[in-house]
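Student: Okay, here's what each chain looks like letter by letter:
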Amino acid sequence: MGGTSSIPRWADIVLLPLLNLILAFLISGLVVLMIGENPLMAYYAIFYGAFGSGDGLGYTLYYATNFVFTGLAVAIAAHAGLFNIGAEGQAYVAGLGAILVALALDQTSVFLVVPLAILGAAAFGGMWAAIPGWLQAKRGSHIVITTIMFNFIASAAMIYVLNRFLKPAGSNGLESRVLDQTAWMPQLRLFMPGFGFSPVNLSIVLALLLLVGFYILVWHTKFGFALRTMGKNPLASRYAGMSNVKLIVITMAISGGLAGMMAINQVLGLNHRLVENFVAGAGFVGIAVALMGRNHPVGIALAALLFGVLYQGGSEMQFVMPNVNKEVVSVVQALVILFTGAMEGLFRPSLERLFAGWGGSGKAEAIARTTAGSES
Amino acid sequence: MQRPSGAAAANPPAIELKGINKHFGPVHANRDIDLVVERGTVHGIVGENGAGKSTLMSILYGFYTADSGDILVNGLVQKITDSRHALGLGIGMVHQHFMLVDNFTVLENVILGAEGRFRIAPALHKARAALKALAAEYKLDVDPDAIIEEISVGQQQRVEILKALYRGADILILDEPTGVLTPEEADDLFRVLRTLREQGKTVILITHKLREIMAITDNVSVMRQGAMVRTLKTADTSPGELAELMVGRRVLLQVEKQPSLPGKPMLEVKKLTVNDDRKVARVKDISLTVRAGEIVGIAGVAGNGQSELLECIAGMRDPVSGEIRLAGDKISLRGDDGGRKARLAGLAHVPEDRQRMGLVTSFEAWENSILGYEYTEQFGRGPFLDIKAARAHAEERIKTFDVRPPNPRLKTANFSGGNQQKIVLARELGQDPDVLIVGQPTRGVDIGAIEFIHKQIIAMRDAGKAILLVSVELDEIRSLSDRILVMFDGRIVGEADPAKATENELGLMMAGIAATGGETR
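From first to last, the protein sequence lines stand for chains W and H. So the first sequence is residues 1 to 376, counted in full-length UniProt numbering. So the second sequence is residues 1 to 521, counted in full-length UniProt numbering.
No wet-lab data here; the hints were simulated from the structure. It is possible that some hints are incorrect.
[Stated by the list, open to error] Below, in silico cross-link-like pairs of lysine to any residue (SDA-like), each with a Cα-Cα straight-line distance of 25 Å or less:
(1) K232/W to Y166/H
(2) K222/W to V298/W
(3) K222/W to F190/H
(4) K126/H to Y166/H
(5) K139/H to Y64/H
(6) K279/H to R139/W
(7) K279/H to H142/W
(8) K246/W to R409/H
(9) K222/W to R340/H
(10) K232/W to R409/H
(11) K233/H to P405/H
(12) K232/W to P405/H
Let's have the full structure, built from the sequences with the hints guiding it.
Tutor: Encoded structure:
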C-alpha cells in the first residue's frame with residue numbers, strides 16, 4: 001500500500017539536475033567570494049573560456065569526448081546493476097592496447113592504424129574490466145572493490161611497462177616514443193580551421209556513434225533486455241534463464257571497451273604517444289557523468305559537455321582571475337560532482353512533495369506521468 | 001461461548017476510530033473510517049489487498065499519522081505519534097513478518113528495546129520472572145533461553161505476543177498471523193487468543209482467511225477500497241456474505257472442476273536431492289510423477305523444501321543427485337541458464353514469489369510479458385528486440401487474462417498483486433507448455449482474482465497439461481489438486497486423495513507426525 005510516490009520524468013531528467021547544478025554554482029560562488037573575487041566574473045570567465053573562442057570550444061568538446069566515453073562505460077555497467085568505478089584503470093590499460101598497435105603500424109596508413117588501434121584499446125580495456133566481472137560472477141568478489149583495486153594495479157603495471165619497454169633509450173620522461181603522423185587521429189582543425197590549435201579530433205564522431213549505439217544496445221536488443229533485467233532484479237534474470245555469469249562478464253567487457261575509447265581520443269588524438277597517467281581522472285569524472293546523465297545517452301552527452309565546460313572554462317578562469325588558482329578550480333569541479341553526482345537526490349523529497357501536492361489531477365494521470373516513456 | 005460484546009456505556013470501547021482519512025499522494029488509502037472495537041473481544045478485519053487494512057492499523061500503531069479523524073483509546077482522544085507512544089497506551093502489534101533477532105534467545109528478544117540502563121543483567125532477571133508469570137497466565141509456554149532460530153515458527157509467534165504483553169499491551173493487533181503456521185499451530189494460536197480474551201485483553205485480527213474469522217472472532221469489519229463497508233457480529237454472518245462484501249459481488253469460493261483424465265507421465269522426478277544456498281539438503285531423495293491432464297498438489301508448511309524442489313525442476317537450482325524426465329526424456333537443467341533450458345524443453349514456471357523472482361517490478365508490463373521468452377524469434381530477429389511485436393503480444397495477453405488496468409505501458413509495480421500474478425500466469429501459460437509448475441499461485445491475491453486464476457489452472461489441466469502445484473494454503477491444494485503429496489522436512493511423507501482426506505489428517509502429515517501409506521512413489 002502507499003502510492004509509489006514519484007515525480008514526472010521531465011522533472012527527474014531536467015529539473016532535478018538543474019537544481020543541483022544551480023546549487024553547486026551558488027556554493028562555488030561563495031567560495032570565489034571568500035577568496036576575494038567576484039563570483040559573477042568567475043561564472044563569466046568559465047563560460048567565456050569554454051565557448052568564447054574556437055580554441056576554447058575545441059578544448060571543451062575534446063574533454064567532453066573523453067567524458068562521453070567514460071560516462072557510457074559507467075552507465076552500461078550501471079544498467080546491469082554493476083558499479084564499475086574502474087574506468088580510470090581500464091582507460092589506462094586500453095592506452096597500452098592502442099599504443100602497441102599504433103607503434104607497430106604507424107608507418108602504414110591511417111585507415112589501417114586507427115581502426116586497429118580502436119580494437120586494440122577496446123580489447124585491452126575490455127579485458128581489464130572483464131577480469132573483475134568474472135571474479136564477481138564466479139567468486140562473488142565485489143566489483144566495487146576489485147575495479148578500484150585494478151586501478152592501482154593498472155597504475156603500477158603501466159609504469160613498469162612504460163619504464164621497461166616503451167620508453168625510448170636515452171629519454172627521461174615516462175612516455176613512449178612519438179608516433180608517426182600516419183597514426184594520429186585526424187584533428188578537426190584540419191577541416192575546420194576555426195578550432196584553432198585545439199585537439200578535438202575525429203574521436204568525437206566515434207563518441208556520437210557510441211551514444212546512439214548505446215541506446216540501441218540497451219533498449220532495442222535482446223542482450224540489452226537481459227542486461228536491464230539483471231540490473232533491476234538478478235533473481236528474475238536467473239529465473240528467466242539468462243546466464244548471469246555471461247551477462248556480467250560481457251557487460252564488463254563492453255564497459256571496459258567503452259572506457260578504452262578515451263585512450264584513442266587522448267593517445268592518438270592529442271599526445272601522439274603514451275604518457276604516464278594520461279587518464280588523469282577522466283575515468284572518475286565518468287561516474288559523475290553517468291550519475292548526472294541518468295545512464296541515458298542524451299543525459300550523458302549533456303553531462304559530459306557540462307564537465308567539458310568546467311574543465312576548459314575552469315582552466316581559463318585561472319588566467320583571467322589572479323586570485324583563482326588550480327585548487328579553486330578543483331573545488332568548483334568537486335562541488336559540481338558532489339551535488340550532481342553524490343547528492344543528486346537532494347531535492348527529490350521536496351520535489352515529490354511538491355508534485356504530490358498537485359495530485360488533485362487524479363491518480364490515473366499521476367500513474368501515467370510516472371510511467372510514460374520510462375523506456376524511451 | 002459468545003461473550004457479551006456490547007458492554008455498558010460507562011465502559012468505553014477499547015478503540016474507537018472516527019472519520020479517519022489517509023492519502024498517499026493521489027491514493028486515498030483510508031476514507032472516512034469509523035470503527036469501534038469493544039473491550040475484551042476478538043475483532044476481525046477483513047478485506048482484499050489494498051483495501052486499506054494495513055494502513056488503518058499502521059495509523060493506530062503510530063507508523064502513519066492520519067490526515068484527519070480521531071483515535072479514541074479507552075474513550076480518550078489520543079494523537080498517536082509513534083509506536084512507542086502506541087505501546088504506552090497499551091497497544092501492541094504482532095507483525096506478519098516477525099521482528100525478532102534470530103540469534104538471540106527468547107528472553108533477549110523480549111527485552112529488546114526495553115533493556116534499561118547500562119548493565120543488561122537486571123533487565124534480563126526482571127524479564128525472566130515476568131515472562132514466567134505471563135506464560136502461566138496466558139498459557140504461553142516458551143523456553144526463555146531457547147535461541148529464536150532454533151524454535152518453530154509457531155513458537156516464534158508466541159515470543160512476539162509475549163513481547164507485546166511484556167510491554168503492557170492491553171490491545172493486541174495481529175497482522176495475518178496464520179500465514180506461516182501449520183493448521184495445528186493455528187489452532188494453538190486461537191487457543192491463546194481465547195485465553196487472552198478471557199483475561200480481558202482486546203484482540204484485533206487482520207486476515208484474509210474467512211474461516212479464521214468465523215472460528216475465532218466476535219465481531220468482524222469488512223473493508224473495501226479504503227472504506228469501511230460494514231461491521232457485523234460474526235455469529236450473524238457467513239463466509240459467503242463476507243466474501244461478497246469484500247469483493248463487492250458474488251464470489252465462488254469453491255472451484256468447479258470435472259474429475260481428471262490423466263494421460264502418460266509428463267514430468268518424472270527420480271531420487272532428487274537438492275541443497276539450499278548454504279549447502280544444506282532441503283530436498284531429500286524425492287521421487288514423484290505428474291501425468292498429462294492432472295494436477296498434483298504438494299502440501300506442506302513453508303520451508304520444508306518445496307521452494308528448493310520447484311526451483312530445481314525449473315532449472316534455477318542444480319540438483320545434488322537424481323534426475324528429471326520430461327515426457328520420458330531425461331533432461332539436464334544445470335548451469336545458470338537452466339531456466340531457459342527448461343522453457344525450451346516445454347516447462348513453464350510460475351514462481352512462488354512473483355515480485356522477488358517472476359517480475360521486474362520497475363519494468364513496464366509488456367517487458368514482463370516477454371521475460372524469459374525474449375530470446376525467441378517471435379520477439380525479434382537475431383539480436384534485436386521487436387518492441388512492437390512484444391507490445392502487441394502483451395496487449396493480447398492482458399486482454400485474455402483480464403489484467404487491469406489493460407495498459408501494457410504501465411509500470412508493473414503499479415498493478416495490484418492479483419494483476420501482477422495474472423501477468424506472470426498469462427506469460428507462462430501463453431507459451432503452450434507441456435508441463436507447468438506453479439508455486440503459491442494466489443499468495444497475496446484478491447478473492448476475485450483467486451477465482452480467475454484457479455479457473456485458468458483448471459483449464460490448463462483440461463487442455464492436457466501436467467501441473468505441479470505447491471501451495472501453503474491447504475484449501476487451495478485441496479480444491480485444485482487431483483492428487484496430494486505431503487512434504488515434510490524435504491521428504492514426501494504421504495499421499496492423499498483430496499476428495500477423502502480430512503484437513504486434520506493432512507495437518508498431521510504436514511507436521512510430520514503421521515504418515516499414511518504410499519510413501520515415495
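Student: Looking at the structure, which of the earlier hints fail to hold?
Tutor: 1, 3, 5, 8, 11
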